[in-house]
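Student: When you get a sec, could you build the whole thing from the sequences and use the hints?
Spelled out, the chains give:
Protein chains: 2
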Amino acid sequence: MKKLRLFTPGPCMIPEDVMLAMAHPIDHHRTAAFRAMLQDVTEHLQWLMGTNGTCLTITGSGTCAAEAAIVSTMTPGHKALVCRSGKFGERWGKVCDAFGIANVKYELDWGFGFKAEGVRKMLDENPDCDTVIVTHSETSTAAVSDVQSIAKLARERDLLLIVDGITAVGAIPVKMDEWGIDILITGSQKALMLPPGLGFVAVSDRAWRRVDEGSTSTFYNNLKAYRKSMDNFDTPYTPNNVFVRGAQVVMHRLKEEGLEGVWTRVAACANATREGAKAMGLSVYAHDPVDSVTAINIPNGVDEGPLRKSMRNKWGVQIAGGQDHIKGKVIRIGHMGYVDRFDALAAVSALEFGLLEQGHKMEPGAGVAAAQKVLVERLGNK
Amino acid sequence: MKKLRLFTPGPCMIPEDVMLAMAHPIDHHRTAAFRAMLQDVTEHLQWLMGTNGTCLTITGSGTCAAEAAIVSTMTPGHKALVCRSGKFGERWGKVCDAFGIANVKYELDWGFGFKAEGVRKMLDENPDCDTVIVTHSETSTAAVSDVQSIAKLARERDLLLIVDGITAVGAIPVKMDEWGIDILITGSQKALMLPPGLGFVAVSDRAWRRVDEGSTSTFYNNLKAYRKSMDNFDTPYTPNNVFVRGAQVVMHRLKEEGLEGVWTRVAACANATREGAKAMGLSVYAHDPVDSVTAINIPNGVDEGPLRKSMRNKWGVQIAGGQDHIKGKVIRIGHMGYVDRFDALAAVSALEFGLLEQGHKMEPGAGVAAAQKVLVERLGNK
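Chains as they are written, first to last, in the numbering used here: chain A, 1 to 382; chain B, 1 to 382.
Simulated from the structure, these hints should not be mistaken for lab results.
For clarity, every value in this text was computed on a predicted model and none was experimentally measured.
It is possible that part of the hints are untrue.
Same chains, same label: a pair holds when it works inside one copy or across any pair of copies.
[Said to hold, decoys possible] Taking lysine-lysine pairs in the DSS-like style, the calculated list, with each CA pair at most 27 Å apart, reads:
| hint | residue 1 | residue 2 |
| --- | --- | --- |
| 1 | K327 | K309 |
| 2 | K228 | K329 |
| 3 | K327 | K224 |
| 4 | K309 | K228 |
| 5 | K79 | K152 |
| 6 | K228 | K105 |
| 7 | K175 | K228 |
| 8 | K224 | K94 |
| 9 | K105 | K3 |
| 10 | K228 | K87 |
| 11 | K228 | K327 |
| 12 | K115 | K79 |
| 13 | K87 | K121 |
| 14 | K105 | K309 |
| 15 | K105 | K2 |
Tutor: Quick look at the structure:
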């Protein structure tokens, strides 16, 4: 028997009832039933993101939603400080460049998260930047930025703050209104336990003022069109209504678990994985590790390709490798979505099997014992 | 018992095996298995569209795919003749305007299709237009344009021809290479029997030369990125891999039926519906009716809202109303996707029930008898 367990940091595993809800006979989207569904999903998104702002549902990849947020707000005359220390931070800089949006790139080494003091220094050096774009959880490096402090800074200086929350929302604490985030983006295939194909953008009143004061050269990704339709819980273009149906089931699951419950679960799985890795003699790649995904350095003597291949082909456990210049040097294991404590343990166990197969020196059971210890400590009474 | 039968011109009904294939446990997209799946879908798309050109799969609505085609080819210095006689033709003009793309709008009354002679006249008056954008099947009016002759003209004059084939491909004959279309666009939720959420763009070598000679201010919708990834049957951004899995099942179904079989089935259902409507004393809205969807004028004494409501709420038959200025004046019935002869008959039957309920004067059975006659004539031995 080989059971597929998907630990890639997106797509993530999907609950069986969600998959079956999406296999429900398809219906039309210009119906009262769909509007009620989208309203329910939207209200739950507000709860999940911690905002009274507008939550928009866009049919497209997470990149589509992020582009929509950037091009709708970065109208002529504005300039962004783009925080980049990984593939996704780099991508948002490329979006700015493609659309001719003025921007300054703030680079940190991969694996580091952004902090308020570094952002403050860059803003002091670039006083014409009136917007900050930051990736909360940089999926490519598994590093976290201190969005709460950066938001505090943005509020002090009256800057617009755009946050890529694609592997943050529904996995780690993100409190849009309390912290003062202006735009928060997420995607369906991460903590929201859906397939890829929907993006979500939450927009504050301050961000809407920016959108309304300028004009943007875009059509599909113009947030104004989505806002107009959302008055009636509708969409400007034919939506992926099947995934909206799935989203409704997911949202009800998350609501039942509660925000604290979700964050506690994900953090416990992340900590268990990191401690498990250390107990096997491995080290964590990120200087500022995030809890939604863990990047682990491949130790000397272990070959990343065959390791992942065995884990997948022999035991059905799919994890991710590294991207760009860290390809072959790290593996990444997701803790988001439909992953419970026993799944997290399975990932550590499969990693043990893979390492032992390659002759890595370790005591069998050391990894899972360390992981289990963390899980008991953190989740023992839950 | 109330069985839902969806006759809206998108989303269309989805085969049960396709729905269940999409409920298969989700897998990662950067895998050999996904690349093989996308390759298979791509090769079948080439077959379906009649092209050796590049077929690209974009995660987004049909509008997203159409925008990608337009912004990638309409680089600075080019000017489009946009043929508009309905909501979708108008939309492609709006895309041009949003991106500041030079264009001339060629307007016909709603319900009329475009012919080569009209396009020729407009081009003579606007000799700086080097591109024609035309909607093959205008879903809002259920009218067809003569794309074959317009393509002949485009070839004679060495113009780029962009065709919105969203409710044409897989429903009515479209032969991209044979006719000389440069860009052909379609969407997942029409004849391709999938939910909304994927767009497909086929690109000829001539169109690629245009793309490569210019530069476009776009990112997510830049066709170049999709072409680069497609070398390896991959995608530049996380794709809706669940719908690609569904697309593979659909493509194999279509291949088995054969192009002629598909076109014959759809045309028979369309003709049966039109004859059924006439036999009930109704008339067809479009001057140049297309076979993928039929728009029928609401007769005096019948109220469109309650008619559609009864058909849906009492008998489970969902059809569409009109859009914009023909709202309340027409109903639209789709013949695309997972619709066979008996489904088509059910739609006519439900329309009979609805008309009789409102006191419309007709002989019960007249509509379905006329429809059945057409079906027997056209499909009797098939």
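Student: If you test the structure against every hint from before, which numbers come out violated?
Tutor: Hints 9, 14, 15 are the ones this structure does not satisfy, whereas the remaining hints hold.
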